[in-house]
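What follows is the residue order along each chain.
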Amino acid sequence: MREKRRYILVRILPYGFMPDRKDLYLAVIEAATSLWGDVATGLAQPAVVFCDEGHAIVRCRRGTEGDIATALATVTAIADERVALRTVATSGTIRALKRRIRPARPLEETGEVVIGEDSFTTYRYPRQKVDLIKKGTMHQKSLFFTREDLEER
Amino acid sequence: MKATDACVCPYPAGDSTLARMALEARELGFDSIVVIGEGDGEPRDLRILRGVVISASSQKEAIRQVRKPAVRAADVVFVNAGDTAFNRAAAAVEEVHVIRNIHAARRGAFDHVAARTAADRGTAVDISLYPIIGFRGRRRQTALQRYADILGLHRRYDFPLTISSGARSILEQRSVREIHGLCGLFGMTEDEVTCALSSIGRLIEPYRPVRVVSE
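Chains A and B are the protein sequences, given in the same order. When you line the first sequence up against my numbering, it's residues 24 to 176, in that order. When you line the second sequence up against my numbering, it's residues 9 to 223, in that order.
Calculated directly from the structure, the hints in this document are not laboratory data. A portion of the hints provided could be inaccurate.
To be verified - Computed from the model, here is a short list of chain B residues facing chain A with C-beta under 10 angstroms:
no.: 1; residue: 23
no.: 2; residue: 25
no.: 3; residue: 121
Said to hold, decoys possible - Covered by chain A, per the in silico footprint, the following chain B stretches (three or more residues, Cβ under 8 angstroms):
no.: 4; region: 130-143
no.: 5; region: 174-184
no.: 6; region: 189-200
Just so we're clear, the structure is a prediction, and the values are computed from it rather than from any experiment. Ideal Cβ placement from N, Cα and C applies to all residues, glycine included.
With the sequences and hints as input, model every part of the structure.
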């Protein structure tokens, strides 16, 4: 008989970062194994079934979703890029979770700003949020401001 | 104050401004945060408390630092934990609100004497989530052991606990729900987490008998 599963919807921060599904899976497995060990992680059977629009859906066995959600809170990097995975909801179906996805797309107006000696590209998001991505580096340095913070500079 | 993140370090110490961290904290279920270090601005929909951290090698040094005007102006005074004698003394200093960095102290450095003093004086011990989120392997195991020891003493002597993310970035902040899960790793119950998240308010405005100031 097919086992019951649970699906966890997570939002990926920073906005605009689109990880490869396999890299995300490896990060989740590393976090879960490090926290709960091989046995518990193996029994929980975590897998990434969806990764798009700044969100991901992680599948696990029913009854282990609390443990996997805790492990997701300890993910700090995906493929050497600093990230955070914010649990949004847990459900028994992928379709129910996909209905809850609210992609955070940058507003039209992008710009440039210089802070100290560094030049940053600004991406504005709803709720006055502004992400600053440093130009010309492989592992990009990011700053997280608000619109008011930028206007004060 | 129902849910307070007891320590965040905004830009320039970290990569996120105070306003942005406040915005994220609000979305994550907090109604107040304690800010260590600089940070401009006063967000509208979240209470910001100013905190200061004292790092001292001796009790005398700690008392000297506590009496500085900058420290007196702060809402919340933290002291980094040290050895057993230091922690016993720090718990007894009236101006100290919270003993932090307990995960970095030796096992037993915060003992039953310090716990009893902390309970009598209303001094809290901080549970930082940073070692649980950011560390791996033996360092995280050590932190979890320390926190389990502190929790045992808390249950016996009933001194306050606070919970902090120690975040320097919005990427290091965690939601109230995630904090419940992370604190469950060393045995904290839902009620204990809820109580610890709200304890900063009781620390800065403790329950005291009513005093008649004029007749």
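Verification of the hints:
For residue 23 (chain B), the shortest C-beta to C-beta distance to chain A is roughly 5 angstroms, which falls under 10 angstroms, so the interface hint holds. Checking residue 25 (chain B) against chain A by beta carbon gives a least distance of about 5 angstroms; that is within 10 angstroms, so the hint holds. Evaluation of the residue 121 (chain B) hint against chain A yields a violated restraint, the C-beta minimum of about 33 angstroms exceeding 10 angstroms. With 3 residues having a beta carbon nearer than 8 angstroms to a beta carbon of chain A, the region 130-143 of chain B meets the requirement of three or more and the stated coverage holds.
Note: the region 174-184 of chain B has 7 residues with beta-carbon separation from chain A under 8 angstroms; the three-residue rule is met and the coverage holds. Given as covered by chain A, the region 189-200 of chain B passes the check, having 4 residues with a CB less than 8 angstroms from a CB of that chain where 3 are the minimum.
Checked against the numbered hints given earlier, the structure breaks only hint 3 and satisfies all the rest.
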